[in-house]
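Protein chains: 4
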Amino acid sequence: MKIKIFTTGGSIDKAYSTQESRLVVAGPQVANILDEANVTIEWEVQSILKKDSLELTDGDREMIVEQVRQDPHRHIILTHGTDTMIETAQALSSITGKVIVLTGSMQPAAFQRSDAAFNVGGAIIAVQTLPEGIYLVMNGQVFDPDRASKNLVQNRFES
Amino acid sequence: MKIKIFTTGGSIDKAYSTQESRLVVAGPQVANILDEANVTIEWEVQSILKKDSLELTDGDREMIVEQVRQDPHRHIILTHGTDTMIETAQALSSITGKVIVLTGSMQPAAFQRSDAAFNVGGAIIAVQTLPEGIYLVMNGQVFDPDRASKNLVQNRFES
Amino acid sequence: MKIKIFTTGGSIDKAYSTQESRLVVAGPQVANILDEANVTIEWEVQSILKKDSLELTDGDREMIVEQVRQDPHRHIILTHGTDTMIETAQALSSITGKVIVLTGSMQPAAFQRSDAAFNVGGAIIAVQTLPEGIYLVMNGQVFDPDRASKNLVQNRFES
Amino acid sequence: MKIKIFTTGGSIDKAYSTQESRLVVAGPQVANILDEANVTIEWEVQSILKKDSLELTDGDREMIVEQVRQDPHRHIILTHGTDTMIETAQALSSITGKVIVLTGSMQPAAFQRSDAAFNVGGAIIAVQTLPEGIYLVMNGQVFDPDRASKNLVQNRFES
Numbered sequence: 001m002k003i004k005i006f007t008t009g010g011s012i013d014k015a016y017s018t019q020e021s022r023l024v025v026a027g028p029q030v031a032n033i034l035d036e037a038n039v040t041i042e043w044e045v046q047s048i049l050k051k052d053s054l055e056l057t058d059g060d061r062e063m064i065v066e067q068v069r070q071d072p073h074r075h076i077i078l079t080h081g082t083d084t085m086i087e088t089a090q091a092l093s094s095i096t097g098k099v100i101v102l103t104g105s106m107q108p109a110a111f112q113r114s115d116a117a118f119n120v121g122g123a124i125i126a127v128q129t130l131p132e133g134i135y136l137v138m139n140g141q142v143f144d145p146d147r148a149s150k151n152l153v154q155n156r157f158e159s
Numbered sequence: 001m002k003i004k005i006f007t008t009g010g011s012i013d014k015a016y017s018t019q020e021s022r023l024v025v026a027g028p029q030v031a032n033i034l035d036e037a038n039v040t041i042e043w044e045v046q047s048i049l050k051k052d053s054l055e056l057t058d059g060d061r062e063m064i065v066e067q068v069r070q071d072p073h074r075h076i077i078l079t080h081g082t083d084t085m086i087e088t089a090q091a092l093s094s095i096t097g098k099v100i101v102l103t104g105s106m107q108p109a110a111f112q113r114s115d116a117a118f119n120v121g122g123a124i125i126a127v128q129t130l131p132e133g134i135y136l137v138m139n140g141q142v143f144d145p146d147r148a149s150k151n152l153v154q155n156r157f158e159s
Numbered sequence: 001m002k003i004k005i006f007t008t009g010g011s012i013d014k015a016y017s018t019q020e021s022r023l024v025v026a027g028p029q030v031a032n033i034l035d036e037a038n039v040t041i042e043w044e045v046q047s048i049l050k051k052d053s054l055e056l057t058d059g060d061r062e063m064i065v066e067q068v069r070q071d072p073h074r075h076i077i078l079t080h081g082t083d084t085m086i087e088t089a090q091a092l093s094s095i096t097g098k099v100i101v102l103t104g105s106m107q108p109a110a111f112q113r114s115d116a117a118f119n120v121g122g123a124i125i126a127v128q129t130l131p132e133g134i135y136l137v138m139n140g141q142v143f144d145p146d147r148a149s150k151n152l153v154q155n156r157f158e159s
Numbered sequence: 001m002k003i004k005i006f007t008t009g010g011s012i013d014k015a016y017s018t019q020e021s022r023l024v025v026a027g028p029q030v031a032n033i034l035d036e037a038n039v040t041i042e043w044e045v046q047s048i049l050k051k052d053s054l055e056l057t058d059g060d061r062e063m064i065v066e067q068v069r070q071d072p073h074r075h076i077i078l079t080h081g082t083d084t085m086i087e088t089a090q091a092l093s094s095i096t097g098k099v100i101v102l103t104g105s106m107q108p109a110a111f112q113r114s115d116a117a118f119n120v121g122g123a124i125i126a127v128q129t130l131p132e133g134i135y136l137v138m139n140g141q142v143f144d145p146d147r148a149s150k151n152l153v154q155n156r157f158e159s
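Residue numbers (my numbering), protein chains in the order written: chain G, 1 to 159; chain U, 1 to 159; chain R, 1 to 159; chain E, 1 to 159.
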């Protein structure tokens, strides 16, 4: 089994630009996380977008769906901003024959305190243990995109 | 669903004693990890041992088995040292009707670089998605304790 | 000797707002840094502003100068954003009889990799070892505000 | 001005050996710390020992003194274990014409929470601002080795 990981940006990949005094979406953090955990299952990371998920256009989402559809791997993880993770998961619903898990983080992986490694750890197990389908892994739970919502006050996903 | 987490010590819980200039097994780190990830599923942590897993006696292992057997929860995680995690998992094999996941870390959770949050994230998902049985979650994989071994050179679990 | 520390905001105090998906100036980080280093000299932190230093107005700067002037302590540190740290240092130049050290960080203290603790460590020593005057401590050096500039390309202070 | 940094081991340089399940003195951390702070003054690191300071022999200490004496630089920092930092500082007292600052950390630099960067930041400033002599920089203070002691209960240096 080999896990294919598409990265699209979002909080998980934000780094601080000292020149601009603000956060920018930087290169994918997920490879660092997998290396730090010495993950021995085969995996491959491909960066297909570097955007805050609020800025994703319909065209971006179509591109993501096409990339996932055409990818030969059965086990697929997408790292994604949390604000529109559910919309992207729903857009992927026409794809069959794959286990697709979306995850991300509320706090950037570059921060001392972050949910990034925890969430990616959960996504890596979920993609191996769940049957064919589209799922979100956030806050220690597996969510069905059709029944999940992001609680903007509590900053967490709920079903 | 509520997840019961027993902690037994091991590298994951080691902290630096400045007075002794060495590492000691300190209080459980898993609650910090779950708080940092804002885990919304119900969970409860109980510390039953604070030992390096090489120092676990037969009596310690019997006590662990009894604690797990008598616990009313179906979904159980044990954090444990990696050196004898497999032995403890095998000792638990007589218990039925529960999903039991053992995890830990190669690098203490207190270090800047550690696999602790990643592994706990995986264990939390594994205990919810796997059927009844005893499992190890390490290095991004679910292992059957009867087929797993710790590779002491590569510092990782293999099957 | 007691060191008085005024905090004014800047990168050093930025935290990630998950609700707004951006950085905001949060509470002062300097007390955490001093606690983590178990600093035994007496110190006191007072937050007088929480602003990105590019947003400081002339009125803000006058307020800062008045706070420092009226403060009874001889040894004073200001944590401050780096973009206008030099301007504030120059505005303080009319104050005599005090050792005043401005510091801050290029990367927020909340990041895994940050110059915050290093810079504060330098400022704490500088304020005790330097004679009366106004100084910047950044990038491992003590700068005279009248001869320093921030190199925006290299992201560092130079003289 | 160029700062020469000799490293001798101690808590600051301890890393976790997953194979031995214990801490070992690893390569010097001070270069990482200086890089992270983008230190622009010229510096050079030389590792001359990798020992817990309780294990330093008289011969080790003589070697350290000779290295420092023969070094052509005027500004010298030693990173050192805290338990016998004072003894080594006193052994260096016959050296004149140099500014020599000893520092280290109570918690290893590899830990999430550590005084290492703070202390090195202080030592870098102290070596530039202090007159010729031998000093300890720990806990936010400059200590005279002849009047300092390590409080083993409070884990801090005092004078």
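Since the hints were made in silico from the structure, they are not lab data.
A hint or two may mislead.
To be verified - Among the chain U residues that face chain E by a calculated CB cut under 10 Å, a handful are: (1) Ser53; (2) Ser149; (3) Leu152.
Quick reminder that beta carbons are idealized off the backbone N, C-alpha and C, glycines included.
Requested in this report: Please flag the earlier hints that this structure goes against, numbers listed from lowest up.
Outcome: As far as the earlier hints go, only 2 is violated by this structure.
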